[in-house]
Each structure stands twice: as structure tokens, then as C-alpha cells.
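J.: Take a look at the letters that make up each chain.
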Amino acid sequence: MKDSISGFCHRLLGYSEFGALIGFVVVFLVFYALSPSQFLTIESLAAILTKSAVLGIIAIGMCFLMISGEFDLSVGSTCAVSAMCFALLMSKMGIHPAIALLIALLISGGIGFANSVITLKGGIPSFIATLGMMWFLRGVLLAITGGRTVEYWGRSTLLLVLNGRIGHFRTSSIWLIVLVIIFAIILGRTRYGNWVYATGGSRETTKVMGVNADRVKRINFVLTGLLAGFAGCVYFGRFKFVDPTLGLGWELEAIAAAVIGGTLLTGGRGSVIGACIGALLVGMISHGLILAGAPAYWYQAFIGLILIVAAIINMQIQKRGFI
Amino acid sequence: MTDKFVKMEGICKSFGRVQALRGVDCTVYQNEVLGLLGDNGAGKSTLIKILVGIYPPDKGGIYLNGEKIRFSSNREARASGIETVYQDLALIGLMSISRNFFLGREPTRGIGPLKLLDRRGMAHVCKECLADIGIEIRSPDECVSCLSGGERQSIAIGRAVHFGAKLLILDEPTAALSVKESAKVLEYVREAKRRGLSVIFISHNIHHVYSVADRFTILDRGSNVGDFTREEVTPDELIDTISTGKKA
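Chain order of the listed sequences is V and Z.
Mapping of the first sequence onto our numbering: position 213 corresponds to residue 255, and the numbering continues sequentially without gaps.
Mapping of the second sequence onto our numbering: position 64 corresponds to residue 62, and the numbering continues sequentially without gaps.
The hints are simulated quantities; they were obtained by calculation from the structure and are not laboratory data.
Among the clues, some could well be false.
What the hints assert, rightly or not - List time: in silico DSSO-like cross-link candidates among lysine-lysine, alpha-carbon distance up to 30 Å: (1) V/LYS249 - Z/LYS5; (2) Z/LYS5 - Z/LYS164; (3) Z/LYS47 - Z/LYS182; (4) Z/LYS2 - Z/LYS182; (5) Z/LYS57 - Z/LYS164; (6) Z/LYS191 - Z/LYS5; (7) Z/LYS125 - Z/LYS164; (8) Z/LYS164 - V/LYS249; (9) V/LYS249 - Z/LYS57; (10) V/LYS249 - Z/LYS125; (11) Z/LYS113 - Z/LYS125; (12) Z/LYS125 - Z/LYS182; (13) Z/LYS47 - V/LYS249; (14) Z/LYS47 - Z/LYS57; (15) Z/LYS47 - Z/LYS191; (16) Z/LYS182 - V/LYS249; (17) Z/LYS57 - Z/LYS2; (18) Z/LYS47 - V/LYS163; (19) V/LYS361 - Z/LYS125; (20) Z/LYS244 - Z/LYS57; (21) V/LYS282 - V/LYS134; (22) Z/LYS178 - V/LYS361; (23) V/LYS249 - V/LYS163; (24) Z/LYS244 - Z/LYS5; (25) Z/LYS244 - Z/LYS47; (26) V/LYS361 - Z/LYS182; (27) Z/LYS57 - Z/LYS5; (28) Z/LYS66 - Z/LYS164; (29) Z/LYS191 - Z/LYS178; (30) V/LYS93 - V/LYS134; (31) Z/LYS66 - Z/LYS47; (32) Z/LYS178 - Z/LYS164; (33) V/LYS249 - Z/LYS191; (34) V/LYS249 - V/LYS361; (35) Z/LYS164 - Z/LYS47; (36) Z/LYS113 - V/LYS249; (37) V/LYS249 - Z/LYS66; (38) Z/LYS66 - Z/LYS5.
Fair warning: this is a prediction, and the values are worked out from it, not measured in the lab.
Can you build the whole structure from these sequences, using the hints too?
T.: In C-alpha cells, the structure reads:
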């Protein structure tokens, strides 16, 4: 009996998402205690999901890339570039929204591909490569737009599909859920997923076993760019305007979401569902503080605290040899 | 022990000005354990890397069952049944035993492009195969980082046997292992031989090699300095040849 209990605990700790889930429950209870009548309502749940959806979509790609042992600091800028392209193509050039979306996604995937070439062919750490890309894209964006916002006044079903209202909820939440399910299956249940873990676990061993580890990284860079670009367009679907500072700091929030969700900075371990819980946690903190009437500044302090605690818990779990 | 399985003839290889191999011959017969010996820098690893296609040789020929071949990658060598188990690169610590076991050769189930890992099958086959060779694991879902060095080597050997390797190359398989663990790993080498495999066993530990090998090839600074069957030589004579580098 004792064995089965310890076995159960062992299995439970073995899930990458465990730390994030505990954090989620704790933060949930804290906010529930702070504003019991408002926090546990449909409106509130919908608001949390809406706040988290864009970040969650970015975090999925970041999670894949981090598990395979690389970073992408340019996702915030990629979001802005993609949303700006989407907006400009529709409003200034009158291109059909679907085609504009396609072009925006192509550009985002291209940015991811460029990151992979710089990192893998240039032989420099992705941290530096994508930090450079982050500033480069942001600078170009600010220079071209002159810092002005771009709006789109037209009506389009595509924008409703991307981020329209359904009651209190928005379609962005559905996108998040669908993408999380698809990518959780790819990561956990397919050969490619196995290669992603292996690449981050040991690039050399993966190569010796006949898997092209660099190709895995390249695909993940492109995937991260694509999802960041898609997130930018989803964001635009809600507000219908974009300013060139969109997504500032989102790269760090996405990394935080992935780390809170059990992804190792050094690669080889992590989970898409964990990253999604991490993103929801970030959304919940932002919303809960507003409900509790706390000044918005507390948001960053809270996220910082949770990130550190989550990282320590995850490290302890890993040290004890759970997978 | 009659047929030549792999024959390497007059292999030369230079890296810049350094001549790593100066016309080395090396033959492995069917179902034979060959001890490949030599001090550091003798060229053992280079020879193996040329055999499995990581480096191209400058000169010389490689024959598999009498047929001239040249692998351009590790993958091609593996497809021909030549499997290498590296000391540090055997398994990935953060992954489970069964995921490591099938890495690069994962079985899937499903239709068309929607193919999912056959996880139950992976766990089952992995446990069965290892048990069949005599390797007991607690659970195929266990993380490799929990295993000892000997257990990792054992699993890597079991994996090679399962995937139909005909020639197993072991690079220092007992380095950094305890006495008990080394004995176990050596037992798996014997088991591999009983199953009809050929083995190239690279080691510094003469006593480990001597207890399993049928024949010894000794290299010194890129040249052959000795080729003995086990009956012809004592461990002390082997040590002598390695340290003096003189042809016996």
C-alpha cells in the first residue's frame, strides 16, 4: 500500500506540468480569497482566457524550441511585424484579409528560418542571434512606421474567426485550446516529438542515433516564428489596430510561461500543456490583481516571484531524477 | 570463425600534418570478439570512425563480406548492421529507457500522415528484449539519469542486439565502471557473441578485453604492431607490446 502511494507520488512529480498546476491552484485560491464574489465568474474566466490566449500561442512555439535546446528572444518583435504586415496589407493596399494573413505568416516563418540560419550556420548561441533579431526587427518597424499606429476599419469574417466575440469569450481561446491539443500530441506522441526531446537532451547522441538534430532545431525555429506571427494577427483581430511597440517584453513572458510550465532552460524537458498553464497563470495574475484593486505595477513583481519559485520547484524535481 | 566479416586494408588518414593512421590493417571474422588495443593516440578511435563513415579514409579499402564499401555516414553503417556504442553518447539522460531504446527508429501506429508513437508497444518490446538478453530493468518508463553507467552501457548493447546489429563496436565500455558492473557488461558482450554477433572491443583495460576477446589487434602511433589470437599470448605480453610499441 505504501509502495503504491509513493509510486503514485513519483508518477505525479514525474509530470513536467506538476509545478505549474500547483502554482495555478495556489494563485487561484489567493485571488479567490481576495475577491470572492468577482473572481469565480464566467466573465472573469473569459477575461483570463482572453488575456492568456495570445501569450499561450507564443509559448507553445517557445516551449518546442526550448526543449530542443534553443531560445527565441525575437518573438515579441515577430508578433509586431506580423500584425503590422497584416494591418498594412489590408488597410493600405486593400489586399484580401486571408491573403494578408498568409503573407504575414510567411514573413513570420521566414524570420524563424533566418534565426535558425544565423544560429546554426553562424555557430553563435541563439540567445545572441535572436536578441539581435529582436532589436533589428523592432528598429525597422519603428523606422518604417515612424512610430505611428495602423488601423483597419473594414469588416472581415476572418478577424471574427481570429479573435471575435462568443458571449463573454473570444475565439482566441478556442485557437489556444486547439493549438495546445495539436502540439501536445505532436510533442508527446509522435516520432518528431521524441526527436525534439532528444535534440535538447544531447545533440551529439541524437546525431549518433541517426536523427538530424539540426533539422529538428530549424523546424522548431520556423514553428516558433509562425506561432508568434499567428499570435500577432490574433491580437490584431481583437483591437483592429496595431502600434509598432506591440509585443514589447512578450518574449520574456513566453519564456516565463514555458519555464513555469516545467520547461528546462537547458533543454530536454518540458511540456506544451505546462507552458499553456504557465500562460494562463500569467493571465490570471494580471486579471486577479485588477479585480483586487491593486495597482498594475504589482503585476510584474508577482510574475517575477512565481517564475523564481516555479523554476526552483522544477529544478528540485529534476534533481531527484523524475521525468 | 572462418569468414572475414569486415576487413580494413592499408588505411591511411592524416589530419593536417598529423598522420593518425599509416596503413593499418584490421580484420574481424564472423562471430568473433576482436580486442582493439593501443595507448592513447594510437589511432583506435580514428580507425573506428573511418569504418562507420564519420571520416573518409585518405587511402585504403574497407570490405564487408568481401565486398568493397564506403559508408558516408553513421546511418549507412547502421543500416548495414554495424552499430557503435559510445562511452558517453550511449543514451540521453533526460529521456525514459524506452524512448531512448527506440530513438530514431520509433514504431508508430495510425493512418496516413497521422502516425502516433506506439508507446505501449515500445515499453513492452523494450522490456522484453532487454530481459531476453539478461538485462533487468525496473521499468521502461524510468529516466535514464537514474541509471548507473553499467546499466546504460548494457541497455545500449541490448538495443544494438535487438535492432539486428551484426557487428557491435564498443568504445571503452568498461571505463569508469565498478568491478561488479564491468563484469556484467562483459557478460553481455559474451551474450552478444553467443547470438552470433561480431564485436570490436576497444579498451585500455587488458584484463577486461582478455576475458572476452578471441583475438587482439594492437596499434601504436598509427601502425599495426601486433595481431594475436588469445591462445598465442598472455595478458602481460599484450601489455608489453602496447607499452613498448615494438612488434612481437
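J.: Now tell me if each hint is right for this structure.
T.: Now for the hints, and whether the structure bears them out:
{"no.": "1", "hint": "V/LYS249 - Z/LYS5", "in the structure": "holds (26 Å)"}
{"no.": "2", "hint": "Z/LYS5 - Z/LYS164", "in the structure": "holds (14 Å)"}
{"no.": "3", "hint": "Z/LYS47 - Z/LYS182", "in the structure": "holds (26 Å)"}
{"no.": "4", "hint": "Z/LYS2 - Z/LYS182", "in the structure": "holds (28 Å)"}
{"no.": "5", "hint": "Z/LYS57 - Z/LYS164", "in the structure": "holds (25 Å)"}
{"no.": "6", "hint": "Z/LYS191 - Z/LYS5", "in the structure": "holds (19 Å)"}
{"no.": "7", "hint": "Z/LYS125 - Z/LYS164", "in the structure": "holds (21 Å)"}
{"no.": "8", "hint": "Z/LYS164 - V/LYS249", "in the structure": "holds (21 Å)"}
{"no.": "9", "hint": "V/LYS249 - Z/LYS57", "in the structure": "holds (26 Å)"}
{"no.": "10", "hint": "V/LYS249 - Z/LYS125", "in the structure": "holds (24 Å)"}
{"no.": "11", "hint": "Z/LYS113 - Z/LYS125", "in the structure": "holds (23 Å)"}
{"no.": "12", "hint": "Z/LYS125 - Z/LYS182", "in the structure": "holds (18 Å)"}
{"no.": "13", "hint": "Z/LYS47 - V/LYS249", "in the structure": "holds (14 Å)"}
{"no.": "14", "hint": "Z/LYS47 - Z/LYS57", "in the structure": "holds (14 Å)"}
{"no.": "15", "hint": "Z/LYS47 - Z/LYS191", "in the structure": "holds (22 Å)"}
{"no.": "16", "hint": "Z/LYS182 - V/LYS249", "in the structure": "holds (28 Å)"}
{"no.": "17", "hint": "Z/LYS57 - Z/LYS2", "in the structure": "holds (21 Å)"}
{"no.": "18", "hint": "Z/LYS47 - V/LYS163", "in the structure": "holds (24 Å)"}
{"no.": "19", "hint": "V/LYS361 - Z/LYS125", "in the structure": "holds (25 Å)"}
{"no.": "20", "hint": "Z/LYS244 - Z/LYS57", "in the structure": "holds (24 Å)"}
{"no.": "21", "hint": "V/LYS282 - V/LYS134", "in the structure": "holds (14 Å)"}
{"no.": "22", "hint": "Z/LYS178 - V/LYS361", "in the structure": "holds (26 Å)"}
{"no.": "23", "hint": "V/LYS249 - V/LYS163", "in the structure": "holds (17 Å)"}
{"no.": "24", "hint": "Z/LYS244 - Z/LYS5", "in the structure": "holds (23 Å)"}
{"no.": "25", "hint": "Z/LYS244 - Z/LYS47", "in the structure": "holds (25 Å)"}
{"no.": "26", "hint": "V/LYS361 - Z/LYS182", "in the structure": "holds (27 Å)"}
{"no.": "27", "hint": "Z/LYS57 - Z/LYS5", "in the structure": "holds (14 Å)"}
{"no.": "28", "hint": "Z/LYS66 - Z/LYS164", "in the structure": "holds (17 Å)"}
{"no.": "29", "hint": "Z/LYS191 - Z/LYS178", "in the structure": "holds (20 Å)"}
{"no.": "30", "hint": "V/LYS93 - V/LYS134", "in the structure": "holds (29 Å)"}
{"no.": "31", "hint": "Z/LYS66 - Z/LYS47", "in the structure": "holds (17 Å)"}
{"no.": "32", "hint": "Z/LYS178 - Z/LYS164", "in the structure": "holds (27 Å)"}
{"no.": "33", "hint": "V/LYS249 - Z/LYS191", "in the structure": "holds (27 Å)"}
{"no.": "34", "hint": "V/LYS249 - V/LYS361", "in the structure": "holds (26 Å)"}
{"no.": "35", "hint": "Z/LYS164 - Z/LYS47", "in the structure": "holds (17 Å)"}
{"no.": "36", "hint": "Z/LYS113 - V/LYS249", "in the structure": "holds (23 Å)"}
{"no.": "37", "hint": "V/LYS249 - Z/LYS66", "in the structure": "holds (26 Å)"}
{"no.": "38", "hint": "Z/LYS66 - Z/LYS5", "in the structure": "holds (9 Å)"}
Hint compliance for this structure: no hint is broken.
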